[in-house]
Amino acid sequence: MSLSGVVASLAEAWTELRIHKTRVLLALIGVALSVAALTSVVALGNMVRESIAQGSEAQSGRPATLTVVVYQRDGSAMDAESVTAAFRDVAQRYSVEYSSLTHQALVPFQLPNGVMPVQTQVVDPAYAKMRRIPMVEGAWFTAEDAQRLAPAVVVNEAFHRQMGSPDLRHHPVVRIESGRPLDAVVVGVRRDQYSDEPPAAILLSDAFAGLGLNVETPSLELWVPEELGEPLIPAITGDLAAQFPGADVDAYRTDYAAYGDPLGGLTWAVGGIAALVMLLGAVGLLNISMVTVKYRIREIGIRRSFGATSGRIFFGVMLESVVATFAAGVVGVMAAVAVVKLPVVQRVIGGGIAELPPFPVEAALIGLGSATLVGALAGLVPALVAVRVKVIDAIRY
Numbered sequence: 300m301s302l303s304g305v306v307a308s309l310a311e312a313w314t315e316l317r318i319h320k321t322r323v324l325l326a327l328i329g330v331a332l333s334v335a336a337l338t339s340v341v342a343l344g345n346m347v348r349e350s351i352a353q354g355s356e357a358q359s360g361r362p363a364t365l366t367v368v369v370y371q372r373d374g375s376a377m378d379a380e381s382v383t384a385a386f387r388d389v390a391q392r393y394s395v396e397y398s399s400l401t402h403q404a405l406v407p408f409q410l411p412n413g414v415m416p417v418q419t420q421v422v423d424p425a426y427a428k429m430r431r432i433p434m435v436e437g438a439w440f441t442a443e444d445a446q447r448l449a450p451a452v453v454v455n456e457a458f459h460r461q462m463g464s465p466d467l468r469h470h471p472v473v474r475i476e477s478g479r480p481l482d483a484v485v486v487g488v489r490r491d492q493y494s495d496e497p498p499a500a501i502l503l504s505d506a507f508a509g510l511g512l513n514v515e516t517p518s519l520e521l522w523v524p525e526e527l528g529e530p531l532i533p534a535i536t537g538d539l540a541a542q543f544p545g546a547d548v549d550a551y552r553t554d555y556a557a558y559g560d561p562l563g564g565l566t567w568a569v570g571g572i573a574a575l576v577m578l579l580g581a582v583g584l585l586n587i588s589m590v591t592v593k594y595r596i597r598e599i600g601i602r603r604s605f606g607a608t609s610g611r612i613f614f615g616v617m618l619e620s621v622v623a624t625f626a627a628g629v630v631g632v633m634a635a636v637a638v639v640k641l642p643v644v645q646r647v648i649g650g651g652i653a654e655l656p657p658f659p660v661e662a663a664l665i666g667l668g669s670a671t672l673v674g675a676l677a678g679l680v681p682a683l684v685a686v687r688v689k690v691i692d693a694i695r696y
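In terms of my numbering, the sequence shown has 449 at position 150, counting the first letter as 1, and numbering is strictly consecutive.
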């Protein structure tokens, strides 16, 4: 069919839709609701999957996160300074863009209720990117924070409340009662990881080294492309084993995807529900389309008697269904976007994660594509019926 023929068929289909708008409207309400349900299911499924993935990344790192530890076989302490220098050298040698030393320490902070040993994580600035640290106020460390005379500190919400919830724009300080008392500037507040989490803090490695507290042997975390994760493990292990003879070196993946995608089942479940929803809408549309063609048999016969070809009749009937369902699909996708963007839905999806997943474009495309496909399939059978109508029988109908 030529381009002019396609345009003429589309125009004719739109005219027929306007003529039979009552019956069409009844059919399209069901299609629009099915598309809205389909798009919402796919969008919410993808967003929940992304939310779960972000939560997993906060706990164990993004794919692929490698953790490297060095320890003595007899349990004696390693020289923390030497291990730190070796770890930094490894990250630089293998051109790893995101890496961080990390270890835990108890740091005595002066809070309104007295000095409290606070569980403190010691990291490098890249750690927030690697673990998607969810900030609720202020900001994460910058490269300049390592040069502060008064060390920068990020605290959790519980710690911030203990301080009296001061405004971070005024650069509140909290005293560290180490070998020499030192004021630390609170630059950010991260979200509590769970309800009733006790006060916790995060310090930079360089800042912690200047506190005069006991420095633990750190571990090293590296965020690398997934295809490089496995090849790097033996390379890093051999490199560090040569530097620390007699010590054990372990390097392994810690991210949630280390043993395959655990969220694959959710994807299949969402797809199955979406397909079932759309199938129900297609059945309803097919029934309406068959009834509509039955009422138009006389009209089709008259058009055939005036020279309309079988192809013109076929595409005209089918395009009516396609055009109608595409329009219904647009309405359904808009309704789905409105539902997903409701504040209550956004709070449920985004609770506890750093970045709220956006509305997935693929969900909208699936909704529109499914609506168009359903229109084509639902219009195919009526179109075949219309083509088989005999002119003389149709005029007598």
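Hints listed in this document are in silico derivations from the structure and should not be mistaken for laboratory results.
Backbone N, C-alpha and C define an ideal beta-carbon position, used for all residues, glycine too.
Honestly, I wouldn't trust all of these hints.
Unchecked claim - So the derived label-pair ranges between C-beta atoms look like this: (1) GLN492 to VAL638: 28 to 34 Å; (2) GLN492 to HIS470: 23 to 29 Å; (3) PRO416 to SER394: 37 to 43 Å; (4) ALA540 to THR671: 17 to 23 Å; (5) ALA568 to LEU676: 22 to 28 Å; (6) PRO465 to ALA568: 26 to 32 Å; (7) SER464 to GLN492: 14 to 20 Å; (8) HIS470 to ASP547: 41 to 47 Å; (9) GLU661 to ALA534: 33 to 39 Å; (10) LEU578 to LEU664: 25 to 31 Å; (11) GLN492 to PRO524: 26 to 32 Å; (12) ALA508 to PRO416: 16 to 22 Å.
Okay, ALA568 versus LEU676 on CB: inside 22 to 28 Å? 24 Å, holds
Evaluate the given range 28 to 34 Å for the C-beta pair formed by GLN492 and VAL638. Once the Cβ atoms are compared, 30 Å apart, the range 28 to 34 Å for VAL638 and GLN492 holds.
Given the hint of 41 to 47 Å, check if HIS470 and ASP547 actually sit that far apart at their C-beta atoms. 44 Å, holds
Status of the given 16 to 22 Å range, CB of PRO416 versus CB of ALA508: Given about 19 Å between the Cβ atoms, the range holds.
Can you tell me whether the CB distance of PRO416 to SER394 sits inside 37 to 43 Å? Check passed, 39 Å falls within 37 to 43 Å.
Confirm or reject the claim that LEU578 and LEU664 have a C-beta distance inside 25 to 31 Å. 19 Å, violated
So the hint says 23 to 29 Å: do the beta-carbon atoms of GLN492 and HIS470 match that? 25 Å, holds
CB of GLU661 to CB of ALA534, is that within 33 to 39 Å? 37 Å, holds
Range hint 26 to 32 Å: satisfied by the CB atoms of PRO465 and ALA568? Given range 26 to 32 Å: violated, Cβ gap about 46 Å.
Please test the hint of 17 to 23 Å on the beta carbon pair from ALA540 and THR671. 60 Å, violated
Can the suggested window of 14 to 20 Å be confirmed for the beta-carbon pair SER464 and GLN492? 19 Å, holds
Do the beta carbons of GLN492 and PRO524 sit within 26 to 32 Å of each other? About 28 Å separates the Cβ atoms of GLN492 and PRO524, which means 26 to 32 Å holds.
The structure shown violates the earlier hints numbered 4, 6 and 10.
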